[in-house]
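Peer 1: Below, each chain spelled out in residue letters.
4 protein chains.
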Amino acid sequence: MIVILKHGVNQDMRQPLVDWLEAQKLKVHVSEGEFQTVLGLVGDTRQLDMDLVGSLDIVDSVKQVTDPFKCCNRKFHPADTVVEVGDVKIGGGHFAMIAGPCSVESEEQIVTVAKAVKASGAQLLRGGAFKPRTSPYDFQGLQATGLELLKIARQETGLPIVTEIMSIEHLDLFADVDVIQVGARNMQNFDLLRHLGQLRKPILLKRGLANTLKELLMSAEYIMAGGNEQVILCERGIRTFGDYTRNTLDLAAVPMLHQLTHLPVIVDPSHATGRAHLVEPMAMAAAACGADGLIIEVHNDPLHALCDGAQSLRPEQYDVLAEKVRRIREVSAL
Amino acid sequence: MIVILKHGVNQDMRQPLVDWLEAQKLKVHVSEGEFQTVLGLVGDTRQLDMDLVGSLDIVDSVKQVTDPFKCCNRKFHPADTVVEVGDVKIGGGHFAMIAGPCSVESEEQIVTVAKAVKASGAQLLRGGAFKPRTSPYDFQGLQATGLELLKIARQETGLPIVTEIMSIEHLDLFADVDVIQVGARNMQNFDLLRHLGQLRKPILLKRGLANTLKELLMSAEYIMAGGNEQVILCERGIRTFGDYTRNTLDLAAVPMLHQLTHLPVIVDPSHATGRAHLVEPMAMAAAACGADGLIIEVHNDPLHALCDGAQSLRPEQYDVLAEKVRRIREVSAL
Amino acid sequence: MIVILKHGVNQDMRQPLVDWLEAQKLKVHVSEGEFQTVLGLVGDTRQLDMDLVGSLDIVDSVKQVTDPFKCCNRKFHPADTVVEVGDVKIGGGHFAMIAGPCSVESEEQIVTVAKAVKASGAQLLRGGAFKPRTSPYDFQGLQATGLELLKIARQETGLPIVTEIMSIEHLDLFADVDVIQVGARNMQNFDLLRHLGQLRKPILLKRGLANTLKELLMSAEYIMAGGNEQVILCERGIRTFGDYTRNTLDLAAVPMLHQLTHLPVIVDPSHATGRAHLVEPMAMAAAACGADGLIIEVHNDPLHALCDGAQSLRPEQYDVLAEKVRRIREVSAL
Amino acid sequence: MIVILKHGVNQDMRQPLVDWLEAQKLKVHVSEGEFQTVLGLVGDTRQLDMDLVGSLDIVDSVKQVTDPFKCCNRKFHPADTVVEVGDVKIGGGHFAMIAGPCSVESEEQIVTVAKAVKASGAQLLRGGAFKPRTSPYDFQGLQATGLELLKIARQETGLPIVTEIMSIEHLDLFADVDVIQVGARNMQNFDLLRHLGQLRKPILLKRGLANTLKELLMSAEYIMAGGNEQVILCERGIRTFGDYTRNTLDLAAVPMLHQLTHLPVIVDPSHATGRAHLVEPMAMAAAACGADGLIIEVHNDPLHALCDGAQSLRPEQYDVLAEKVRRIREVSAL
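Chains as they are written, first to last, in the numbering used here: chain W, 1 to 334; chain U, 1001 to 1334; chain A, 2001 to 2334; chain P, 3001 to 3334.
Incorrect hints may have been included.
In silico lysine-lysine, DSBU-like type, Cα no more than 30 Å apart, as pairs [claimed, not checked]:
(1) Lys-63(W) with Lys-3075(P)
(2) Lys-1063(U) with Lys-2070(A)
(3) Lys-2131(A) with Lys-3131(P)
(4) Lys-2027(A) with Lys-2063(A)
(5) Lys-1075(U) with Lys-131(W)
(6) Lys-151(W) with Lys-89(W)
(7) Lys-3063(P) with Lys-2131(A)
(8) Lys-3070(P) with Lys-63(W)
(9) Lys-3214(P) with Lys-3025(P)
(10) Lys-27(W) with Lys-3006(P)
(11) Lys-2214(A) with Lys-2006(A)
(12) Lys-3131(P) with Lys-2075(A)
(13) Lys-2006(A) with Lys-1006(U)
(14) Lys-3070(P) with Lys-2131(A)
(15) Lys-1131(U) with Lys-1214(U)
(16) Lys-25(W) with Lys-3063(P)
(17) Lys-2006(A) with Lys-2063(A)
(18) Lys-3027(P) with Lys-3075(P)
(19) Lys-151(W) with Lys-201(W)
(20) Lys-2324(A) with Lys-324(W)
(21) Lys-2025(A) with Lys-3131(P)
(22) Lys-2070(A) with Lys-3131(P)
(23) Lys-1070(U) with Lys-1025(U)
(24) Lys-3131(P) with Lys-3201(P)
Calculated from the structure, these hints are not laboratory results.
These numbers come from a predicted model, not from an experiment.
Only chain W is shown next, with the shape it has when bound in the complex (with noise of 0.2 Å):
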């Protein structure tokens, strides 16, 4: 960690701060400039608080000069992790489609749109049966009910399912769930996130809606501190200014974060427009970057039926992209 003091602190005026620094058992290098002095800490700094030490007001800033994550860290693991779910592999070149409905609604809904994207080529199934709604007074999912359902269609598909979780109450619920989602809000639910440490089961873990790179990578980190390092990460879209679509899908994050991290990246780009008719071009742009999967929601209810244009799309829709983003796959992955 540097130290970096501001223009015109002398010997005198840093001196408590060495000292202290020295009582947390951590050697500094003083290295005085023309303008500045910088003090370098060598030593177990983690237990240091930056922002206790940043804040004083001899100090200008404090940089950190190596990485706060270590199991997720690329540095220390240079090849890709491949997360394993049955036959199915995600990561380091195995590209995973899971698609299905936002919410299980009924055996019937489930089973004939998990049939219909196994079809055109999903290998997972996704659908939500704990909902996590801004209101209290809107539909909260089938909840237990939706668990069955879905792995009533896994029976009739053969395919492996993901599905949110949303409290510590309902871990016994998901012991037989095969792909343990972790929704955008609680990203730093860090209780949350330590109880899915000592699983020993794939966690696909959302980007929060204002959270950066490093905060994604510190709550992998949270779960693979406990032992469960089969961590894959969503980028699902940041919150901006932006108003035409839900989110800003920040899909530049897939290839900084391949570069800082071996763990699997897919890209959601259902929940990250909101928009239907953005969902391909942006499962397209996600494939073209080097994302390892994509996370797609598809219905078959009436009103999309009728209307059409929702952020989910049919299964006809769906299968036209599949075949577009195999395509694309093909070049990118040259």
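Fit chains U, A and P to the supplied structure of chain W, relying on the hints for placement.
Peer 2: The following block gives chains U, A and P in isolation, referenced to the frame of chain W:
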């Protein structure tokens, strides 16, 4: 709810949607304009998925005309809610000064700070026992021991205590805490909110880093829908492109929230700015625009003592601030 | 235009507004709902100050139902605009590769880079002569001399030139420039846009750092309203809380703009990311989601040559990128 | 300037960069840490392209240790600048009340409002003659006629006038204007700023919608570097995800700017919030946190008169606000 159809959508194109809406037991008033048609929906539209309807190809946009928040809505409860914590009142003209260290570190520390802030006029003691940290490797707080130390400080000074909860697993531990704080990262941890709604004690709900005022009110609604009406809202800065302060304090939220809700609204200038020299001016600004209280970090630890300048104030700085805020309050409350 | 009145506003309360609107020569259709009343305005509402009406105490919100942009609106001009620069076509299925150094530095530099990018398939040469710099003390570009050097490079290679204008004082100097670029900081320099509308040559209009798509289209409208219909739009990243890249590339803007307007839309992955290793994946993503071209920085200066890694690519890196983009285009254009 | 190299960069890898830096006539101090190496650069680093160096593969980050702003930097000019407009002083303890209509509409309107705000204690009259409008089809202001009407109001009341310039073509027209305003959209119109630097009259410089404080100061520097030192800074709200107010008023910018610069800082609560009922509380908050003045919209037109509630205040509302601000000032200036 109003559904505005796109320019050029004729009766044939809209009929399937009208039929579908009527099947949802809604009355649909069609109002044709020269350039567009508007559907006015009458009935219980709460179960309707606005996003779904809004994303249809023939729909320009959907507009909710009644607020989605009920319990906290000022329209249905014009009088200010006054939250009572022992003898202390917050809201409805009662201004609360809450102060204390970021983390509880030792009995000596918390008792010393508690006595100091009480002498300056603080009415509640804050202090973190469970700390939400971005990194799993950072200090996570003294946890249960920290809660015990807070209770000792309460006994010594008579100040009720405010401290943050991070998991429903800890609800029992918080049984004797006076005000339970929900941090910014948990503002949309709906499961936690629901459990807090079952309690009958004041909840201090902090606005999330990237949450709108409506989302904050809907989170309050999760608590109140469970029967717990003692909710205190807290503006603590939002995440923007700004880089001089840790967050951007959105003070206009204070009078705006006062218009929308009857709940008390307090301000946290310490976390919002992350810089000690900005805490006093922002505390004065918050008092001037009608906040119902201030939650401020005050410390007495050696690093601060020797160097000064952190986000936390020294007790003597807090004493000056408290006096200035009192004077602003006398003038602004006229 | 639709004016949605607040819940509880009765006829007496709304009559003064209705009278005032009718005095503005508008027909007012009143549609009373169970919970709210909507006023539909028919007539020329362009002169109406939406913000003013929307801010009235009795008004909930105001909704424009016709787009404020006319000349660039796809509704009134369904066919793609194809901008022609000499033999080069942009839009309507024609994909343009624009490349060159950030700043023009010397004849040798600009001619060398121009030859290299031409060999890789670039059709237009970019290079900054007048540089917008945050600091008045920083290098402001070679200015008029830079323009002359660009013309020499054009003569040597046949590539038309694209360069940025910063002042109406320089319009004469730009008479012989093939495509005039308006930078992000000048996107709402309405005076400059108006002058460019008097020309009859292509304008490359970059989206501002914090501007919505509608604002971008309205700025195009300033140019087109003057009779100059050859406008190329450019997405180059927006300002968000993100900190890993210089800006956040908003690629969903590409298909969204294609729906809204008939103008060509290109992407600048160099400025959007500020990191060389992200330029290639983002260029491929842009091609995959339907962009009509790419403007990319390519250099040959010593610092880059020795160290590599800057925002600009080396010619041999650009050559690889160009080939990959061609393959993506072949697939995505199917 | 400090260049922090990446972990693992050894001497061989860094030598080309060190050589190149020395060729730029800089002295390079190498400080090797256990985990990283830091290069301290001594000499004139202003011509160095920080972004370029920072983007090299071997570089972690670059840190400027001296501020890039000179003329407006408080370090080199500790005393507050007091801008004088006739008898009116702004800054250094002098608080300026600036008020008037959004647009100049007629002689009667501007004279009436001028007299009203003068009676309430306003010292300067504002009014738009040239209006920056997002749409080319919207009312663009009375332009030259508007300037003449402002001068009539000045003659009638003695109030100096403040009005916005949009083009260097109009500089002659503004020769007799007392304070020239640069709007948020032109904050980085460097050409305009440079021309204003040649004048010797006060410039009111508004912060751009998405500009940092450093960028605001660098724009002031463009004016001051030309010799015009009479610059007034203005916080008027920034663009965020927030949707209840037009912009997010960043009040912490006021004390932060006071620390960084000696220039006066005023606040525009009308444009920042876009809602009349928020103007008074935000004006009081601005006064409480140390602003040097307020620029506020006051109207007397019929729509406002009949309905109330717009961004602009009625004269009688402004009178109440002015009195409250005076009381806050008395307390906060203690």
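Peer 1: Of the numbered hints stated previously, which ones are contradicted by the structure, given in increasing order?
Peer 2: Hints that this structure does not satisfy do not exist here, as all of them hold.
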